[in-house]
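Please work from the sequences and hints to get the whole structure.
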Amino acid sequence: MPFVPHTEEEIRDMLSIIGVDKIDNLFDEIPAHLKIDGLANIPEGMTEMEITRLMSSRAAADGHPLCFMGAGAYDHHIPAAVWQITTRGEFYTSYTPYQAEASQGTLQLIYEYQSMMTALTAMDVSNASLYDGASGLAEAVLMAVRANRKSKSRRILMPRSVNPVYQKTCNAIVCHQDIELVTVDIDTSTGLTTLDALQPWQDDDIAALVISQPNFFGNLEDVDALTNWAHEKGALVIALVNPLSLALLKPPGEWGEQGADIACGDGQPLGAPMSSGGPYYGFMCCQKQHVRQMPGRIVGCTLDQDDREGFVLTLQAREQHIRRSKATSNICTNQGLVVTASTIHMALLGPQGLARVAASCHQNTVSLVEKLAAINGVEVIFDGARFHEAVLKFNKPAAEVLAALADKNILGGYDLSSEFPELDNCILVCATEMRSDDEINTYAQALEAILC
Amino acid sequence: MPFVPHTEEEIRDMLSIIGVDKIDNLFDEIPAHLKIDGLANIPEGMTEMEITRLMSSRAAADGHPLCFMGAGAYDHHIPAAVWQITTRGEFYTSYTPYQAEASQGTLQLIYEYQSMMTALTAMDVSNASLYDGASGLAEAVLMAVRANRKSKSRRILMPRSVNPVYQKTCNAIVCHQDIELVTVDIDTSTGLTTLDALQPWQDDDIAALVISQPNFFGNLEDVDALTNWAHEKGALVIALVNPLSLALLKPPGEWGEQGADIACGDGQPLGAPMSSGGPYYGFMCCQKQHVRQMPGRIVGCTLDQDDREGFVLTLQAREQHIRRSKATSNICTNQGLVVTASTIHMALLGPQGLARVAASCHQNTVSLVEKLAAINGVEVIFDGARFHEAVLKFNKPAAEVLAALADKNILGGYDLSSEFPELDNCILVCATEMRSDDEINTYAQALEAILC
Amino acid sequence: MLIFEHSTKGRSTKIQAPTSADAIKDIPQALLRATPAALPEVSEMQVVRHYTSLSQKNFSIDTHFYPLGSCTMKHNPRACNTLAMLPGFLSRHPLAPEQYSQGFMACMYELQAMLCDVTGMAGFSLAPMAGAQGEFAGVAMMRAYHDAREDFGRKEILVPDAAHGTNPATATMCGYTVKEIPTLDNGDVDVAALKAAVGPQTAGLMLTNPSTLGVFERNIEEIAATIHKAGGLLYYDGANLNAILGKIRPGDMGFDVIHSNLHKTFSTPHGGGGPGSGAVGVSKRLLPFLPLPMVTKDNDVYRWLTEKDCPQSIGRMSAFMGNAGVLLRAYVYMRLLGREGMHRVAEFATLNANYMMAQLKARGFEAAIPDRHASHEFIITLKSQAKELHVSAMDFAKRLLDLGYHAPTTYFPLLVPECLLIEPTESEAKEALDGFIEALVQIQQEAETNPELVKGAPYTLPVKRLDEVRAAKQLDLAWGSIPRT
Amino acid sequence: MLIFEHSTKGRSTKIQAPTSADAIKDIPQALLRATPAALPEVSEMQVVRHYTSLSQKNFSIDTHFYPLGSCTMKHNPRACNTLAMLPGFLSRHPLAPEQYSQGFMACMYELQAMLCDVTGMAGFSLAPMAGAQGEFAGVAMMRAYHDAREDFGRKEILVPDAAHGTNPATATMCGYTVKEIPTLDNGDVDVAALKAAVGPQTAGLMLTNPSTLGVFERNIEEIAATIHKAGGLLYYDGANLNAILGKIRPGDMGFDVIHSNLHKTFSTPHGGGGPGSGAVGVSKRLLPFLPLPMVTKDNDVYRWLTEKDCPQSIGRMSAFMGNAGVLLRAYVYMRLLGREGMHRVAEFATLNANYMMAQLKARGFEAAIPDRHASHEFIITLKSQAKELHVSAMDFAKRLLDLGYHAPTTYFPLLVPECLLIEPTESEAKEALDGFIEALVQIQQEAETNPELVKGAPYTLPVKRLDEVRAAKQLDLAWGSIPRT
Ligand SMILES: Cc1ncc(COP(=O)(O)O)c(C=O)c1O
Ligand SMILES: Cc1ncc(COP(=O)(O)O)c(C=O)c1O
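Residue numbers (numbering that gives the first Met the number 0), protein chains in the order written: chain B, 0 to 451; chain W, 0 to 451; chain A, 0 to 484; chain S, 0 to 484.
Misleading hints may appear alongside valid ones.
To be verified - Quick look at which bits of chain W chain B covers, simulated, 3 or more residues with Cβ under 8 Å:
#1 47–61
#2 72–79
To be verified - For each label pair, taking beta carbons as the anchor points, the in silico distance ranges come out as:
#3 S/24 to W/291: 42 to 50 Å
#4 B/11 to S/449: 55 to 63 Å
#5 S/449 to B/304: 23 to 31 Å
#6 B/421 to A/305: 20 to 28 Å
#7 B/421 to A/27: 22 to 30 Å
#8 S/8 to W/291: 53 to 61 Å
To be verified - A few chain B positions that, by computed beta-carbon distances, are all more than 12 Å from chain W:
#9 34
#10 59
#11 76
#12 77
#13 308
#14 322
#15 365
#16 376
#17 417
Note that these hints are calculated values from the structure, not bench results. The model shown is predicted, which means the values in this text are computed figures rather than measured ones. Heads up, the beta-carbon is just placed ideally off N, CA and C, and yes, glycines get one too.
Here's what the structure looks like:
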């Protein structure tokens, strides 16, 4: 029996200790008419050899198209050491560290993770992870509403330059608590959220402003001005950031006069493979004064009976297993293993390494944009500063062009037209450090052939 | 600097402690005119990302032809757990267990391995591994010459039904010690080593007879009769066996009246991927009385100061680091990691599992042979009992047929004609448990198309 | 030592990043970072050594018996990991066109179908990323259902007092108020109290069955009828699905919505805290509300269902499609088990739990619900030990660690004093159960003869008992945030 | 506990073998096994748990500083493992036709070329599977060379007394008698003694340079001239190549044959005892004798060199092509290092060794060769501790284990009494070296104040000091072979 070690003899012995004749008797409290006799529609069990064959052929069937797509998931190099260590049984098969003394490995690692995230974001504290960037943004919104004591409002300013799926996810999660996500328009010439666009809410009570840096189009917002604007009117600032970009860009803790209040985003660029969208993790950092409003687990350093340092889950009184219906969030299981990978990833890369990766992604994208923009029928529509993603406009419908590229084994980018009608024929492209000059040229040649 | 952690400051500190100005001064005893200034012809260093790209494309370039080739390397399923545990750093990056107390993991595992091998072979003792099956056979021959006190001869009877590359390797290794490998012919109708064929040496002083079970053609020798024949004349018996087959076949320790004296072979079928030929490992077992003549490391169980069980390398006085020019062999580094994998593999499969794998390989081969033999121009030339390999004869040159199959992505088998001129147009085929009915049919259809 | 303490300024492992990169010229200084992030600067070898050694400081399924009740810590087959991490799966961009996704989508489609089958539901979405998010999706669907019928007066969710904390927390997130329903001493929900609580304000009831007390809710049909009659919906918290797999299906019991913790029942690893999956299933009337995305099949081609196909969907729970890698692992596990394996999971999980309970009772321990069969888990209460010997359930738990066993769940469910919730799972061999029983017996003897020994435990782990109060008072949540001594 | 002690008759993990197989009918009973092999019958979970736990009982590079002299225990980059285990490489049948092998063969071809380059030899074969087999191939080639010239009188191989045991053992396997050459106190070979020993009977000399004493052989040119003048050949034992990589090449020193332990210099993991690779290189005149197979390139297509191409080859060392997976790892490592990395290996290995030697001398330890620079390793002798405190090098070694350091090589080379041969390698950071030095200083103090403490070590490992004498006397080499107490 797969994964059931019992021999016939043991089963007999155990039943006799229990005092029943057969295993089925243990289910005698279940109403007989509800009992089923197995699951006939489930396929027969496979051996490991058979499932290996099946999965290998399915994985192979999906091919390896050349990826110039970003839009929230990025094709980065991950050192071999990262997942080899992460999948060690002791990390891979342990539960949430409820028994601290028997889980110092995981706990210390999370403490190190929290320390790395505060270093990257220049914020005071970090939690141990949320599910992903999009749902993490929802938690940040809920947290901001709780944390902003000065504001009575449940309104959040949400620029349209925030990843549209993040906006949708956020809304799906916060909509039941009378929270209103107020859309702020994009400046169509710069692709940015401007102070002008915020003007309508100048005098309104607003709980928080979301600032995405870079924004969904890869454009760099004027984070100092936006942050100051929000703080001046008593709104909190939720920074939505790509953590890899922070190796180069000004960290949220240093935005404006006071820094952002909450920083969140998706940890995928720091060691998680693209893997069809998950598991990634949502990170969240905040200023010290808001720590008790932060959702999710937090690890703290403490002492043992001999005054040796050790690590425990702390501030648990915020969480659902203690506070129940009054908890900061319902989150329980988080994305621990991906955090493990990410911590090892950051340690391997170091500050310089991460900065070089970020710079190299950016340079590759610059070079890609240059080469594509040289093609007849391609136009770069925003020209301010950006980071490693860019919007291109074709002289043909984007869907058509992308399909033609896909037939040539190229994922050409993200089609912006359905979410942004005003960006008709536009796509979002990205070339990470993984894309070689040859591959960039392949793209350019393929696109030229399609457009001309 | 790759894998060199020194910072500039540390280098300065260390040099000043040593009392030299620069690292190069540490090499001042090397004659200056012999010193080189780096290695200009070595290519520039790559990042891990770059080498990953290169190796992935090379691995992919070699494709995945459908494998019906055996001939000493077999395409078996290996449970995922095997190499995940084997490549854990503590096994993967430790040295030979010279400090027993700090190496109980490796030592206990080898002891368990030795126990499993003695169980499989029904021999008394096992060593901790030799390099591979072929070189292991050479060590067995050298050992037999040392161990056979009754014989003054340095002659070994080597049937031609032994894997021809094993014969060559064996000869290359033993030839310097005045040992003669005397060829015994194959019975061309049965593909076996017969007592008749041994008749010429009936009255000669012979140190040992090698018996391969199954033999290179997959045929099953009459091991009882051959063993008795050898023992009656004072020759030792070296059993060369496929360890997987021993889950089904009579183990060497039970051959004839007294059992074989030495059992050896290649451990590849027990958990080592085909991997272009290595690393595999040579196993070697023997009867108790010969243990001091056995080459290679041996682990023994002993007690510590508190009378707790523990494991150490033992009988080291046979080995090169103690006995130097009088050692049983020069072997030092062996194939420990593959033994680790193999031990885990055997534990996962268990006696029943291994027997089912062996039976399934055999049945697949039977089915393959049936299907191929039904094709016009294909003939099965030996028809006695066999295990999971068989010889087929075509109506065309084997090389031609195999090349045509290869073009259809099929490794059709091993061409016997160059090593066995009398087996012109013949190939050796094998279908392990990995080959599905569909794949067997694919082969049959392809072959039919080629031959007809 | 922390990784930061191994750091030396200027140290790096060059091979992991492009060797050089030109300075960034096209981003204004004001948007750039002024000083490098204070991340550790260490060599690859130091990283490998540090985290390998850290890992050894964990108990885990791969090293220890881990009978953590309500968590289903069973064997995590290694094949699931290997196959979910095949390069083709790892490198798939989540937004890759369907032509490059058929292999992956086939797995998701079949997983949806198998989950429908084992739960008796009409449709499944794999979107939620853990049990709690599954609960959120489930309760949000209940609300969407009522709203779609313009039945806006239902403001309350009923939750038994034995429920997991995520249940009430979820109800709040969905904008509901929570009403607790008491549990009887025999472990069943107090149906009378339920009937009194139910009404037109009732949106639904969240229930785990078997409950967190480790017994099967015998009045489930009456409960279902009560809720349904009042116009409410029934939510099944699938954390305990392992107990009934292949024996009875939540759909057949009358549940309208269910989440399944794939990281429990379907054995995806818990990874020291996650990731998991809280796939949600619904009965027919709730189908339009399932969260996105889902996979469907048209003419043998798999395609994604989106907002266009499902305008009433409660929406998206994540940026892409949830924890895809976890879903692949669960899929492999289910295919390995197959039809013949599913019901054996419940049978042997139940056999193991009842065997342990019988043995512990025979050795003098007090079961919380002594007269009924346990499901896949059961509770012992150490309230008399606490009272008479002043040795608490926590002390027993810590001492178990010394003896090489991970502790059971302690102090949950909240209504049983000094409790240990013990869930052995089907994959443990009898020897492991016997060893654990002997360990508890030994600790009981120690508690009687030398209580200080038990109260001081653990002794053999990397640290002794940690001061949790200090941790919460003198917050130290990041390296360098407060000066070290 | 042994895996056999976890075994229960009838237990199995079904998923690893075909579920059923018909009974074998076409093999006569007399050839079949009568009773199943007594292998353990355990579940997958028990296997995972048992071997995971066993692994934790090992010191390793991934967990500990491991300065085992002559063994070059440096960091084993994880990428080498991952890339050598790509499915395409693992599934390649060794006899696959060249059309399905160009990717693999390209790596082998380039590895041969890089090895020629770093050693200054004319050709390389990757066939030998460890250092000792490389030695065998090398000395066999020397013999083949002499034989081919019909120079049959050369029956003797010269070996310095500091040589590794494999050197004399190899000479014997190749049919030679061994003559030992003494070493001077300054670590150099006694050239006068060498000159006296050399003659028309001399087939060649086997030498490690730097020697196992950790110093560079300064008279190498004179030695080479002496041997060559007598018609002998010079063999380079490449175990210490790490010391000179990119600084000086054996070929330039006059060596005719060399083996390189790729599992040392090129960092393939040692795997608890192997596998390794002892690739052999030769100067031009020995090219025809290289062992098979090798890879060559014709018109941009790689192909195997076989007996047809190389009729004078000494033949094959294994059934296929040696330890291919190890060779792939070494190839990846060399490409990662590249041109810029190679000489740094020697430089920093040497810096680390000399730094440690300087510090230890300053702290009162006696270096075996105090007045010369160390190479990548060096020796301290504890003969005065042994004499005065009755604490031996072995005692120091065992006590080091307690302090978290793997011991250096002990009692080798044989000519230095109570020696520790210390090789830190280039990949260790200064902190690790300093920690080790402090540990030795601490043990020295313990030896002075509390010698019994040191003599009783280790205390903190899974077992205390093991009785090796008992192991050799009461042989217990397999489970069940003798009754257990
Ligand atoms: C009964 C019960 N419900 C819900 C949950 C929440 O599941 P998750 O941790 O996956 O969010 C758990 C898990 O701890 C549980 O045991
Ligand atoms: C100097 C020296 N020569 C030869 C060898 C033998 O190499 P191997 O163990 O790879 O056979 C060693 C390794 O221990 C060595 O240190």
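Outcome of the hint check:
Check on the stretch 47–61 of chain W: 4 of its residues sit with their Cβ under 8 Å from a Cβ of chain B, so the three-residue criterion for coverage holds. Coverage of a stretch by a chain is defined here by at least three residues with a beta carbon nearer than 8 Å to that chain's beta carbons; for the stretch 72–79 of chain W and chain B the count is 3, and the condition holds. The beta-carbon spacing between residue 24 of chain S and residue 291 of chain W, approximately 43 Å, falls within the hinted interval of 42 to 50 Å. At roughly 58 Å, the beta carbons of residue 11 of chain B and residue 449 of chain S sit within the given window of 55 to 63 Å.
At roughly 28 Å, the beta-carbon separation of residue 449 of chain S and residue 304 of chain B lies within the given 23 to 31 Å, and the hint holds. For residue 421 of chain B and residue 305 of chain A, the hinted distance range of 20 to 28 Å is satisfied, since their beta carbons lie about 21 Å from each other. A beta carbon spacing of about 26 Å between residue 421 of chain B and residue 27 of chain A agrees with the range 22 to 30 Å that was offered as a hint. Between residue 8 of chain S and residue 291 of chain W, the C-beta spacing of about 35 Å breaks the proposed range 53 to 61 Å.
Under the 12 Å C-beta cut-off, the non-interface status given to residue 34 of chain B relative to chain W holds; the minimum distance is some 33 Å. Some Cβ of chain W comes within 12 Å of the Cβ of residue 59 of chain B; the nearest lies about 9 Å off, and the non-interface call is violated. Remark: the non-interface label on residue 76 of chain B conflicts with the geometry, its nearest Cβ contact in chain W lying 4 Å away (cut-off 12 Å). Remark: the non-interface label on residue 77 of chain B conflicts with the geometry, its nearest Cβ contact in chain W lying 9 Å away (cut-off 12 Å).
For residue 308 of chain B, the non-interface assignment is confirmed: its Cβ lies about 25 Å from the closest Cβ of chain W, beyond the 12 Å cut-off. With a least CB separation of 40 Å from chain W, residue 322 of chain B remains clear of the 12 Å interface cut-off, as annotated. At roughly 19 Å from the closest C-beta of chain W, the C-beta of residue 365 of chain B stays outside 12 Å, upholding its exclusion from the interface. Residue-level check passed: residue 376 of chain B sits 31 Å from the nearest beta carbon of chain W, beyond 12 Å.
At roughly 34 Å from the closest C-beta of chain W, the C-beta of residue 417 of chain B stays outside 12 Å, upholding its exclusion from the interface.
Comparing the model with each earlier hint shows violations of hints 8, 10, 11 and 12; every other hint is respected.
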